[in-house]
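Novice: Starting from the structure of chain S, add chain A where the hints point.
Residue strings, one per chain:
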Amino acid sequence: MLKILFAVPSKWRILWKRVVSELEIIGISSLFIVGLMSLFMGGVIALNTAYQLTTPLLPDYTVGYITQQSTFLEFSPTVMSLILAGKVGSNIASEIGTMRVTEQIDALEIMGVNSLNFLVLPKIIAAMLFFPILIICSMALSLIGGWLALQVSGLINTEVYVLGIRSFFDPFHITYALIKSVSFAFLIVSVSSYYGYYVRGGSLDVGKASTQAIVTSSVVILMANFILTKLLLF
Amino acid sequence: MIEVHNINKSFGEVQVLHDITTTFEKGKVNLIIGQSGQGKSVLAKCMVGLHEVDSGNVIYEGRDFTSMNRNERSQIRQQIGMLFQGAALFDSMNVEENVGFPLSMFSTKTSAEIKKRVDFCLERVNLSGKNSLLPSECSGGMQKRIGIARAIAMNPKFLFCDEPNSGLDPKTAIVIDGLIKDITQEFDMTTVVITHDMNSVIEIGENVIFIYEGKKWWQGDRRSIITTENPEISNFVYASEFMKEIRQNIQNTRS
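The listed protein sequences correspond, in order, to chains S and A. Residue 459 is where the first sequence starts when you use our numbering, and the numbers rise one by one after that. Residue 1130 is where the second sequence starts when you use our numbering, and the numbers rise one by one after that.
Some hints could be false.
[Stated by the list, open to error] DEER-style ranges, computed between Cβ atoms:
hint	chain 1	residue 1	chain 2	residue 2	range
1	A	Asn1378	S	Leu662	45 to 51 angstroms
2	A	Lys1245	S	Trp474	20 to 26 angstroms
3	S	Lys475	A	Ile1379	42 to 48 angstroms
4	A	Ser1240	S	Leu587	46 to 52 angstroms
5	A	Glu1266	S	Ser468	26 to 32 angstroms
6	S	Leu662	A	Glu1132	36 to 42 angstroms
7	A	Arg1199	S	Gly544	51 to 57 angstroms
8	A	Phe1371	S	Ile472	49 to 55 angstroms
9	S	Ser468	A	Ser1257	51 to 57 angstroms
10	A	Asn1328	S	Arg658	29 to 35 angstroms
11	A	Asp1183	S	Arg658	15 to 21 angstroms
12	S	Val678	A	Gly1296	37 to 43 angstroms
13	A	Pro1299	S	Gly660	26 to 32 angstroms
14	S	Gly660	A	Ser1353	35 to 41 angstroms
Hints listed in this document are in silico derivations from the structure and should not be mistaken for laboratory results. C-beta: ideal position from N, C-alpha, C; glycine also.
Chain A extracted, bound-state conformation:
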């Protein structure tokens, strides 16, 4: 479980996050949603320490991450896997080296054991046999799956996914969503997904946090977000004419 208490973050004069307090539950896919520029990614980056918070605390299973020094944070980070928006695979390494990188850095496993674990992770994301490919030889969807394989290589307790579906076709996006959900349940991780994709919310949103103007505006699950009357959320969820029509139908059915 990850707890966030009263997080504030500014860049110069602009305050991006306002007093955010929330909880990300273990064994569930926790979604941070909101429009572009509302502070979703900043919140996630504050949680993993890529941005320092101005005030507030991030607690990983009872341990205060914000007050830790570099070495202590490094210990926690070895339990964190992260899938980046652009996958952030290392260009100079092939798929096998990318996935095995955290293991070669931090584990005491032999080369054969690392290879076995890499093969398991690649199999888990349906990329068996792609070990020798370079990232530049892989499609966007494959790169995302390699990113997931690398993120789970160390058997992490916490998984962060920043816009996992950006740039993917709807079918591949569903595959990635399904993979994230399955892995979360299989390894009993605390997963945090940053997205503005409503399909993802409907597919995998077990605990949804809506960020608006840098504040936690709403929290609930995928069912309650469809029915909430909150105007800011409705504008986000039913942004297109098609979705507005669906909303009208829901309301008609209710009445």
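Here chain S stands alone, though its shape is the one from the complex:
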């Protein structure tokens, strides 16, 4: 299956056109939900951290530091990928599944088109290109969300929060988050495409495949997250 999926496309121009189209469907259309969730989650992380820090032994900038660490290491790459598994994964599984049950994939095959390559490869490329951008946006907005929450509640001033964010900053954490986001992008698209491509039956089965795609993608992301964390941080 992988050999067929990654076969050399018959026309690069068509592949590129489809990648651009998928960038919009998978990536740009996810910006709003990712941004909104990141703002609120960043705010909640900052408030929860401030609430827990009751000891005078820890400096106030710890709130900024923990918000940054939580965001960079787990929240943006992993939690956002789980959310994207729901949004993007169900979209892919239902789109390809519907094409399967309405014989559109058979039509592609009859024409001599490598349907796996034509349908799935552009989605994988688009997701692997755009997920890191989404995750970087998520990181920035999460930190802004944390700052906004602290300002509104008047707990910590801006200088202290920024000092916390900059303290002990390790650029490798960004690399770590991007490696995870690219890996999760591949997993979400390939798992969801698999469930859509091999669906049999009618519209009910497409719905089931879509649900299965989300569940399996989420489980696979959590497992991969554990493996990548062990490999990259220890």
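Specialist: Quick look at chain A alone, frame taken from chain S:
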């Protein structure tokens, strides 16, 4: 010409096709008929490689399709046009993009040349000027005609039509039948139509293959199917009381 030799196909324990051998002639409309669930569509899907056969061969103009690898099959498939039961148009593309899709994938034509060919194909199926419509904006009959236009866009040597008249009113069905017949003669194609519509058999059946219980039960033309005494075929052809009456009249006239 397409030759089928000793095709067998099973799904699990159930054997659907039993040792089918037949020939589909060039320049003619070849019909595969039979009741639902007898293996007509499975036979067609085996012929185009959507199902792998358990044993037997499908020969396209002397080339054994069943023993080819994926790339070799892709070459043959570029000479095949297929009209699906539900038309199988791509939802996200408009009529022009649907019809021009195989050309944009496989030909070296420029956009202007593709547009010219698309316009020709649409004109051929009486849908000139409908280029910008989406499949969801077209009626069932229009979708079938767009499917035919897409199937002939690459100027194929072989045309497969799976239940081209299903879901259509009798008048539109006759239009589609006529179109299939005209295109077959005009482009000298080998056309294979899967149907259980007796009107189609009478209208366009030049070479008719009757499938019963997964076996090739009978082969002939539209005239001989009316007069055959084979009980399974008679039950199929004269299924309604009205048709039984017609049969009685034929027999009375003969005697």
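Novice: Each hint: holds or not?
Specialist: Hints and how they fare:
no.	hint	verdict
1	Asn1378/A to Leu662/S: 45 to 51 angstroms	47 angstroms, holds
2	Lys1245/A to Trp474/S: 20 to 26 angstroms	25 angstroms, holds
3	Lys475/S to Ile1379/A: 42 to 48 angstroms	59 angstroms, violated
4	Ser1240/A to Leu587/S: 46 to 52 angstroms	27 angstroms, violated
5	Glu1266/A to Ser468/S: 26 to 32 angstroms	30 angstroms, holds
6	Leu662/S to Glu1132/A: 36 to 42 angstroms	40 angstroms, holds
7	Arg1199/A to Gly544/S: 51 to 57 angstroms	34 angstroms, violated
8	Phe1371/A to Ile472/S: 49 to 55 angstroms	52 angstroms, holds
9	Ser468/S to Ser1257/A: 51 to 57 angstroms	30 angstroms, violated
10	Asn1328/A to Arg658/S: 29 to 35 angstroms	32 angstroms, holds
11	Asp1183/A to Arg658/S: 15 to 21 angstroms	20 angstroms, holds
12	Val678/S to Gly1296/A: 37 to 43 angstroms	41 angstroms, holds
13	Pro1299/A to Gly660/S: 26 to 32 angstroms	27 angstroms, holds
14	Gly660/S to Ser1353/A: 35 to 41 angstroms	39 angstroms, holds
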